[in-house]
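Chain residues, written in single-letter form:
There are 2 protein chains.
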Amino acid sequence: MEDVKNFRVVDCEKSNFIKPLKIFYTQNGKDKAWDALKVHDSVVIIIYNSSRDVLVFVKQFRPAVYISRVDTIKQDDGSVTIDHTKFPPSLGITYELCAGIVDKSKPIVEIAQDEVFEECGYKVPLDRFRRVTGYRSGVGTNGSYQNMFYIEVTDDMKVSSGGGNPLEGELIDIVEIPVSEGRKFVMDEAVVKPLGVMFGIQWFYDNIKPELKST
Amino acid sequence: MEDVKNFRVVDCEKSNFIKPLKIFYTQNGKDKAWDALKVHDSVVIIIYNSSRDVLVFVKQFRPAVYISRVDTIKQDDGSVTIDHTKFPPSLGITYELCAGIVDKSKPIVEIAQDEVFEECGYKVPLDRFRRVTGYRSGVGTNGSYQNMFYIEVTDDMKVSSGGGNPLEGELIDIVEIPVSEGRKFVMDEAVVKPLGVMFGIQWFYDNIKPELKST
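Protein chains in written order, with our numbering: chain A, 2 to 216; chain B, 2 to 216.
Please keep in mind that the hints were generated in silico from the structure rather than gathered at the bench. Treat the hints loosely; a few may be bogus.
Identical copies look the same in the list; a pair holds intra-copy or inter-copy alike.
[As the list claims (entries may be wrong)] In silico SDA-like cross-links for lysine to any residue, where the CA-CA straight-line distance does not exceed 20 Å: (1) Lys31 with Met188; (2) Lys185 with Arg131; (3) Lys33 with Lys210; (4) Lys107 with Lys124; (5) Lys23 with Ile94.
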């Protein structure tokens with residue numbers, strides 16, 4: 002996973018994935034404008050494997066995180082490069098909950114089920130998915146909604162190695178953290194991660210393992 | 002705050018605020034490309050007012066959230082409009098922690114101090130700011146970092162009404178939630194909010210008010 006090199010970053014006048022919108026409106030009599038992005042809604046899943054008392058996460062290289070943590074070298078053509086020997090690609094490796102975007106017209110819980118299978122290799126019946134909550138994953142430039150689920154899995158549900166959808170270029174490692182170490186993991190800033198995994202683990206201890214609260 | 006109307010949304014070929022980058026790289030021998038955004042790092046502050054035993058939040062209209070929750074009407078010129086009588090602007094009102102972006106070259110804790118004053122009107126000495134943690138606020142298209150602080154304030158620190166920086170067009174209401182109701186507030190999906198406020202409140206109960214854990 003960490004064999005990542007040949008970085009080049011260019012300004013992208015027109016992206017097929019990031020399409021800015023301009024919103025004009027009047028608030029309290031004052032004309033305003035705000036630039037926003039349309040972003041897919043998403044699902045994230047807290048996975049607890051009770052066979053081995055571990056929390057299941059995914060680990061992957063995130064280009065956007067990597068470039069925010071490195072110095073870049075300007076080239077004559079206006080692009081920038083990165084010395085990956087000085088800034089190891091591990092700087093861009095994040096720990097996240099299993100997740101996916103809502104880009105199919107099927108029930109959201111089925112999209113969650115697909116992601117658990119694709120990324121982590123567990124075949125889990127739909128009725129095992131417990132909805133935890135939902136929130137806006139962004140409020141500044143995008144207002145997309147993220148749906149959080151919880152599932153308890155067992156080793157006999159593991160039917161493949163997971164690793165993401167190769168057709169989408171996904172390259173995902175599965176990481177298991179013993180439940181006894183999850184709280185430390187949440188607050189360890191050396192572990193690069195988004196907020197979803199932090200809230201999800203806190204929720205797990207508060208609601209599924211309240212007996213561990215004081216540890 | 003909810004007097005919001007005259008919505009018009011247009012595609013924005015080139016935004017001054019949202020500037021896509023294209024990142025080219027090679028992972029495990031395979032050439033890849035990823036579109037990303039440069040976004041400022043940020044600060045958020047959990048504010049507990051011990052004079053009145055309340056948590057202090059900010060409430061504001063977020064255009065990006067609003068347009069993600071409404072149906073739009075296509076116009077002949079390609080723009081879209083929104084019937085704000087059918088989709089009330091309250092759909093775009095969010096509850097958040099006091100927050101700001103890191104766009105000045107001063108210590109991050111001083112930026113947090115400025116935001117608490119600007120948005121909530123409390124003058125708080127720097128040594129009262131306790132760093133909670135930090136995390137990536139996005140991992141897909143942006144890898145920006147968010148720093149979370151905690152402060153306990155008292156009514157005598159309140160020196161102005163707050164409400165945001167009018168020069169930046171900010172229009173912010175302060176909302177106080179009794180500590181006894183904070184947990185319900187976190188999990189209430191009818192309250193539109195980002196994840197930061199949910200994690201922050203959970204952290205508050207786990208670390209500042211552990212005696213309330215089981216309520």
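- Task: Run the structure past the numbered hints and jot down the numbers of the failing ones, going up.
- Result: 1 and 3
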